[in-house]
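So the sequence lines, in the order shown, correspond to chains A and B.
Okay, so the first sequence: first residue is 1 according to our numbering, each after it adds one.
Okay, so the second sequence: first residue is 1 according to our numbering, each after it adds one.
Keep in mind that the hints are not guaranteed to be accurate.
Said to hold, decoys possible - Here are the simulated distance ranges between beta carbons: (1) Glu280/A <-> Pro173/B: 30 to 40 Å; (2) Pro309/A <-> Leu49/B: 17 to 27 Å; (3) Glu198/B <-> Glu255/A: 50 to 60 Å.
Said to hold, decoys possible - No farther apart than 20 Å at their CA atoms in a straight line, the calculated lysine-lysine pairs in the PhoX-like style are these: (4) Lys34/B <-> Lys46/A; (5) Lys163/A <-> Lys34/B; (6) Lys129/B <-> Lys164/A; (7) Lys6/B <-> Lys51/A; (8) Lys163/A <-> Lys6/B; (9) Lys129/B <-> Lys6/B; (10) Lys164/A <-> Lys9/A; (11) Lys337/A <-> Lys287/A; (12) Lys9/A <-> Lys253/A.
Stated by the list, open to error - Some chain A residues close to chain B (C-beta under 7 Å, calculated; not the full set): (13) Tyr27; (14) Asp29; (15) Gln40; (16) Ser80; (17) Thr86; (18) Ser89; (19) Asp130; (20) Gly147; (21) Thr148; (22) Ala196; (23) Arg231; (24) Gly254; (25) Ala262; (26) Gln388; (27) Ala391; (28) Leu414.
By construction, these hints were calculated from the structure, which means they are not laboratory data.
All C-beta atoms, glycine included, are put in the ideal place defined by N, C-alpha and C.
Chain by chain, the residues:
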Amino acid sequence: MQAQTLYEKLWSSHVVHVEDDGTALIYIDRHLVHEVTSPQAFEGLKLAGRKPWRVDSIVATADHNTPTDHWEQGILDPVSRQQVETLDSNIREVGALAYFPFKDERQGIVHVIGPENGATLPGMTVVCGDSHTSTHGAFACLAHGIGTSEVEHVMATQCLLQKKSRTMLIRVEGQLGAGVTAKDVVLAIIGRIGTAGGTGYAIEFGGSAIRSLSMEGRMTICNMAIEAGARAGLVAVDDQTVAYLKDRPFSPKGEQWDRAVAYWRTLHSDAGAVFDSVVELNAAEIKPQVTWGTSPEMVAPIDGIVPDPSLEKDPVKREGMERALQYMGLNPRTPIKDIAIDKVFIGSCTNSRIEDLRAAAFVARGRRKADNVRLVLVVPGSGLVKRQAEAEGLDKIFEAAGFEWREPGCSMCLAMNADRLEPGERCASTSNRNFEGRQGAGGRTHLVSPAMAAAAAIAGRFADVRELA
Amino acid sequence: MNPFRKLDGLVAPMDRANVDTDAIIPKQFLKSIKRSGFGPNLFDEWRYLDVGQPGQDNTHRPRNPDFVLNQPRYQGAQILLTRDNFGCGSSREHAPWALEDFGFRVLIGPSFADIFFNNCFKNGLLPIKLDADQVEWLFTQCLGTEGYRLSVDLEAQTITRPDGTVIPFNVDPFRRECLLNGWDDIGLTLRHADKIREYEARRRIEQPWLFA
């Protein structure tokens, strides 16, 4: 048989039907649901008198609107509360394999709870009305975000209409330097290929540097595949994947576990498989990264400077850079390390897992946030992550450093709840998007790793985590 | 879904690359549980000088006179010229809902983000990809000609310029059929219900752990 890429294996094992023009009907194994992109889908289903095809494919939680403090007060914003209550009542009516409502101990960001409960398994197709569904590709799932009409379509038919993507391999070989993390790798990748570099592709991340990453790190990389324009990111199954999934609540057990693992072991690109595009990076050359603009591709190493738009030849790009610098309140050629910050956000589906919190705590231990930093928000990805962090005493380290330790949720990654930047405030954030207004109207976001975010909190400006003694 | 066949419409230029869906419709408006009413908040942060809130009356909010869609010459535009990677970022379908509710039916640009592109077709909105130089030319014409209009014919897959010259474009045949007829995807898919059941039955045997 012809050598296949991982993507091709996942694709061909899910095709139910193909139209003449190649549009395929793809079967969906796991449907993750949250409160923001599902109400119109449930309503559409009801209006059409349709029933969900397979309720036990649904795993649901409330994450975008939920507050991260004073849970005893409930959700104060009536519009947010209505959206969360709508999810409650929809799931009550329709059912689900699992529902982790607001305040449940296993509630959390949908892309954190799927894997940690073993609801995301290799070989699955995973969808969610959320672009960061690409996260789950770290488990060799074909996972991507969908719109609300597609949420309704999956509920009604268990399938999705799809065109096959092209395949891209991003190979990162070599050893990452100390203090350089998965976040730096993916920001460096986006800096290289651009925010539209992966459009139309499913990206497989490979090479020794990717294999050396934990599952948490691989999730961080796949999470931001969408920031490179690719709906789906993928990493092949290896021992770490299998070890991570063992004994998770929804992982297969007993004889089924053995059968599943045997199958999962086939989920890698075959030797000699051909990709439509290949990009190579040298891990040793990657430094801690900081974005300076309003698109994730506007990124520089910590020892770099804000670029000068006047040197850019492409007029559309130049104008984009000028607009970004104006929005960000930055001058060309400013050293990244000279940029002072007002707030820090450690959290989001990109960087809120236990490893991320450990990395931030490692930097914060025995130190104190700088006086000019008004708020350092640490928001765990889920109730389980929170519990684990507290068991390790990370919360105490954060609090001693003057950081705030909060309840789980999406929080200031997109600022749908009360956690947000005020106009003009500058934030070192471990989230995934530095778009205008993303963390609050007029807010200025710089994307960094958890260790770099903690270092910025301590220094009051961007600092090279590798230089912290 | 409303079918789309032909449109002769006024063109507005959105002259910036990487316009993300957060810009198209900011997060606070995503708290709505409805599919309609997003038009007044399309490009909210660029269009108004204050910060908008859901449920607010937008008629008296201060408008940004520099924002392209606030300029008198583009009032009533139904076709939006866009730059590279339009619709990137969040998968929120509220973005095409807002564009459609505002009055746009056609987007013309060199490239669109995948999820956004897909979402447009589910809402009677036609995104057309053209070569970068053709888009550049349309921008020049549109910016230089007050009342610049284009005529779009999905069946023929053509854009006709005011001087009568024709630009051909391509849309996937399946999507084109759905849009021309305003078909409901779900209804189409359910014609294959037997195939879905067969596939499912086979998978239950091959990979029973997926159905636990």
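We went through each hint and held it up to the structure:
Checking the proposed 30 to 40 Å range against Glu280/A and Pro173/B shows it holds: the Cβ atoms sit about 37 Å from each other. Checked against the hint of 17 to 27 Å, the pair Pro309/A and Leu49/B passes, with Cβ atoms roughly 25 Å apart. A C-beta distance of roughly 25 Å is found between Glu198/B and Glu255/A, which places it outside the suggested range of 50 to 60 Å. About 14 Å separates the Cα atoms of Lys34/B and Lys46/A, which keeps this hinted pair within 20 Å; it holds.
Our distance criterion of 20 Å between C-alpha atoms is broken by Lys163/A and Lys34/B, whose separation comes to about 29 Å. About 18 Å separates the Cα atoms of Lys129/B and Lys164/A, which keeps this hinted pair within 20 Å; it holds. Between Lys6/B and Lys51/A the alpha-carbon distance is near 35 Å, which puts this suggested pair outside the 20 Å criterion. Our distance criterion of 20 Å between C-alpha atoms is broken by Lys163/A and Lys6/B, whose separation comes to about 25 Å.
Proximity of Lys129/B to Lys6/B is assessed by CA-CA distance (about 17 Å); at most 20 Å being required, the pair is judged to hold. Of the pairs offered as hints, the one joining Lys164/A and Lys9/A holds, with about 12 Å between alpha carbons and a cut-off of 20 Å not exceeded. Proposed proximity of Lys337/A and Lys287/A is supported: the alpha carbons are some 14 Å apart, at most 20 Å. Taking the CA atoms of Lys9/A and Lys253/A, the gap is near 24 Å; set against the 20 Å cutoff, the hint is violated.
Interface hint at Tyr27/A: satisfied, since its Cβ lies 6 Å from the closest Cβ of chain B, which is below the 7 Å cut-off. The interface hint given for Asp29/A holds, since its Cβ lies 5 Å from the closest Cβ of chain B, which is under the 7 Å cut-off. Hint on Gln40/A holds. Least Cβ distance to chain B is approximately 5 Å, under the 7 Å limit. About 6 Å separates the beta-carbon of Ser80/A from the nearest beta-carbon of chain B, less than 7 Å, and the hint is met.
The beta carbon of Thr86/A is positioned within 7 Å of a beta carbon in chain B (closest approach about 5 Å), and the interface hint is therefore held. Using the Cβ-Cβ criterion of 7 Å, the hint placing Ser89/A at the interface with chain B is not satisfied: the shortest such distance is roughly 11 Å. A distance limit of 7 Å between C-beta atoms decides the matter here; for Asp130/A the minimum to chain B is near 6 Å, and the interface restraint holds. For Gly147/A, the interface hint holds, since its Cβ comes within 7 Å of a Cβ in chain B; the closest pair sits about 4 Å apart.
Hint status for Thr148/A: holds, given a least beta-carbon distance of 4 Å to chain B, under 7 Å. At its closest, the beta carbon of Ala196/A sits 4 Å from a beta carbon of chain B; the interface hint therefore holds under the 7 Å criterion. Because the smallest distance between the Cβ of Arg231/A and any Cβ of chain B comes to about 5 Å, under 7 Å, the interface hint for this residue holds. For Gly254/A, the interface hint is violated, since its Cβ never comes within 7 Å of a Cβ in chain B; the closest pair sits about 10 Å apart.
At about 11 Å, the closest approach between the beta carbon of Ala262/A and any beta carbon in chain B exceeds 7 Å, and the interface hint on this residue is violated. With a least beta-carbon distance of about 25 Å to chain B, the hint placing Gln388/A at the interface is violated under the 7 Å criterion. The beta carbon of Ala391/A comes no nearer than 29 Å to any beta carbon in chain B, farther than 7 Å, and the hint placing it at the interface is violated. The closest approach between the C-beta of Leu414/A and any C-beta of chain B is roughly 5 Å, which is under the 7 Å cut-off, so the hint is satisfied.
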